[in-house]
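A.B. asks: All chains should be modelled from the sequences, with the hints used to inform the complete structure.
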Amino acid sequence: GAVVSQHPSWVICKSGTSVKIECRSLDFQATTMFWYRQFPKQSLMLMATSNEGSKATYEQGVEKDKFLINHASLTLSTLTVTSAHPEDSSFYICSASPAGGIDTQYFGPGTRLTVL
Amino acid sequence: AQSVSQHNHHVILSEAASLELGCNYSYGGTVNLFWYVQYPGQHLQLLLKYFSGDPLVKGIKGFEAEFIKSKFSFNLRKPSVQWSDTAEYFCASGGDTGRRALTFGSGTRLQVQP
Chain A
1 GAVVSQHPSW
11 VICKSGTSVK
21 IECRSLDFQA
31 TTMFWYRQFP
41 KQSLMLMATS
51 NEGSKATYEQ
61 GVEKDKFLIN
71 HASLTLSTLT
81 VTSAHPEDSS
91 FYICSASPAG
101 GIDTQYFGPG
111 TRLTVL
Chain B
1 AQSVSQHNHH
11 VILSEAASLE
21 LGCNYSYGGT
31 VNLFWYVQYP
41 GQHLQLLLKY
51 FSGDPLVKGI
61 KGFEAEFIKS
71 KFSFNLRKPS
81 VQWSDTAEYF
91 CASGGDTGRR
101 ALTFGSGTRL
111 QVQP
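Each protein sequence line maps, in turn, to chains A and B. Residue numbers for the first sequence follow the working numbering, beginning at 1 and rising by one. Residue numbers for the second sequence follow the working numbering, beginning at 1 and rising by one.
Hints were generated in silico from the structure; no laboratory data involved. Predicted model only: the values in this text are computed from it and were never measured. We treat Cβ as the ideally placed atom computed from N, Cα and C, and that holds for glycine. Careful, some of the hints might be misleading.
[As the list claims (entries may be wrong)] A partial selection of chain A residues facing chain B, derived with a Cβ cut-off under 8 Å:
(1) Phe-28
(2) Gln-29
(3) Thr-32
(4) Pro-86
(5) Gln-105
(6) Pro-109
C.D. replies: And the structure:
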């Protein structure tokens, strides 16, 4: 089946630093990748939609300058949390949608970010 | 905009009991519906999905869901749960004006006691 990986699986950083999270589709090409955020005991909230080779589309309320998304290839998207603060601590999950796969998304295992 | 409601936040059942988790969606147009499961410490896995056709959808691990358009519902069912079904269950919808991102419900935590 389709596999999506994320790296790192967890990261702890100091306030003010930047953190990069990678999302890879291992056995398929993903024209579209999505980034979600999940707070403890809550649901997933879509942050942005990333299309290969174009700018990401951010959801309302998500700061594009703070959460930089790059989708440079059909198998890799990155999310960089810039100048992280404790309120950015969360579980970040990516999903990837294969080319032509209508509404089929495969989810990565998530990255737990803790900002001290 | 779409919204998805899951009314059961925490369900506790004994093994062999029947399960039904409620899910209601708000969008009145063409909508695709999904149920995902998240086992402790693991990533989201697709249980089943509905795009069109037979409103009774069968998924993996003995789960099924019924799409009732008149009630805007897509409830998840399993006739006999097992301890290994302990997990978080999320209902989701997609298809809003061509977008492929998913709108998730708040999730239901299922705890199955042996």
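A.B. asks: Enumerate the violated hints, using their earlier numbering and listing them in ascending order.
C.D. replies: Numbers 1, 2, 4 - these are the hints that the structure violates, sorted from lowest upward.
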